[in-house]
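Participant: For chain A, the structure is supplied; the task is to place chain B on it using the hints.
Protein chains: 2
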Amino acid sequence: MKLTILGCHAASLRWGAFPTSQVLEISGRVFLIDCGEAAQMQLRRSKVKFSRIKQIFISHLHGDHYYGLIGLISTFQLLGRETELTIYGPRGIKDIILIQLDASESYIGYPLNFVELDSDKPQKIYEDEKVMVETIPLKHRIYCNGYLFQEKPGPRRINIDKAKEAEIDVAYFNKLKKGSDVPNKHGKIISNEEVTLEPHLPKSYAFCSDTQYYPKIVEQIKNVQVLYHESTFLNSHQYLCERTMHSTAKEAAEIAQSAQVQTLILGHYSGRYKNREDFRKEAQEVFQNTLLTEDGKQFQF
Amino acid sequence: MKLTILGCHAASLRWGAFPTSQVLEISGRVFLIDCGEAAQMQLRRSKVKFSRIKQIFISHLHGDHYYGLIGLISTFQLLGRETELTIYGPRGIKDIILIQLDASESYIGYPLNFVELDSDKPQKIYEDEKVMVETIPLKHRIYCNGYLFQEKPGPRRINIDKAKEAEIDVAYFNKLKKGSDVPNKHGKIISNEEVTLEPHLPKSYAFCSDTQYYPKIVEQIKNVQVLYHESTFLNSHQYLCERTMHSTAKEAAEIAQSAQVQTLILGHYSGRYKNREDFRKEAQEVFQNTLLTEDGKQFQF
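The listed protein sequences correspond, in order, to chains A and B.
With the working numbering, letter number 130 in the first sequence gets 135, and the count goes up by one each step, no holes.
With the working numbering, letter number 115 in the second sequence gets 120, and the count goes up by one each step, no holes.
These are calculated hints, taken from the structure and not from any lab test.
A few of these clues could be false.
Since the list gives no way to pick one copy over another, a pair counts as held whenever it fits inside one copy or between any two copies.
[As the list claims (entries may be wrong)] Here are the simulated DSS-like pairs of lysine-lysine, each with C-alpha atoms no more than 30 angstroms apart in a straight line: (1) 221 <-> 52; (2) 279 <-> 52; (3) 7 <-> 135; (4) 54 <-> 135.
Next up, chain A with everything else stripped away, as it sits in the complex:
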């Protein structure tokens, strides 16, 4: 699983401060999460092949999370894209994109779908044979979802040495992967556990931005491998969280701690802070395994 941070800053686009956008590569899928202004510039830099992005997930309709979407859709067209693209986002996003495509009299030559969301309950919105995606309803000034990306459990892994030793024919390997006991060359039933290993642990990533401190999400993201949780402010500005409906680094860490995640990643930093390390320090007082986003940074998990 690879996470590329295209932008990790709150509010307006500046040199060296791109608004929220991330690329998640999981099980061979490439998902774009949020798409702040100029995300396409950062995307080119990240060397992600544009045609591999088939799904875009938009959390909410504040500009710093989606103003780059129309530009990206248009660029895909200019580059001759043929691959289908599906946009998941709050109700209203389709009209916003279509009014702009209409005004330009642009014909989009690839299938462009919208899945508009308005439920305040978690919903499974995407599923294929390897991965599924659920919404994580958040608490912000406007309707806003985080997204939970989960690999499905893979097959059991064959312990080749043990399987040879037990004289099992390769024709039975698929059955073994599915967990069945199988006969060996001499007709003796071999217990699956003797010749296979546990499946690889499924990867999972929860993206939670923007939101007030909202413990209700803990149950849904319990034991997730990697949690990105916004930390717009430090605790010294906690009083701003109520009005703006954002979180502090400490609050993000408390969510990580309660959900017993493996790794916490912070981001969506307000422009008022010069020293990014203060976010890490504050979070680590509550949750040790805390990492910081930076524009362009890549994480492997």
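Facilitator: For chain B alone, coordinates are given in the frame of chain A:
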């Protein structure tokens, strides 16, 4: 008169290739012309004070000329702007901006006006005591205007030495500036021409992008001081101009030559060309005083 090129490239935003946006400073006014994606990044770099921009002129509703507008309007709000802002652009631009402001439930705390254009004839759309702005209807795939910025003729300039010599009281200087003859201390009528100089030559700038070769504009931009004319292609790709409704460097130069402008500036380069100098060379075969835009470049006239 100062012209700052925020972006000068056709089509999609890339590192080192910003789409069209320019800042024109004339007679103390600061006008923004077109606003491609990420124009606000470039605007910060240019050191233009945001609050000095009170008018934005959008040529047409292709994304590379206005996708940065909503981000700029939002950033002005975040920065606590109070100064009025007026957007001039094709009919439809208001709905595009308002649907996005509505979706974000954002309250814009400064007066935001729209002047929507749909005439195919030149119109005077802005005038104050020093400057006026007219549309230049262009010929593109969708409705598109260039803009002509003109200083009004200033007052006659008093030749202080001559005025003293002629013994004219300072109380008459305003009359002199307006071109009147005035009496001196002894009641003798002094001819205006004896004690004043011609006004400074009014500055003027014509912005013409995007357009097919369109000689109809020549009459309106005749003798303009500086002409920016798009040159998306070189003459070797002239066959693309008909379908895309763009111009070559040669065609831009022919317009400059016919209109007898002082200076031609080229831009809106297609991404297919590596060597920018080829544009200058091609144009200079027709019109000698040709300059090239670059992102971030500033011209003084």
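Participant: Hints numbered earlier in the text: which of these fail when held up against the supplied structure?
Facilitator: 1
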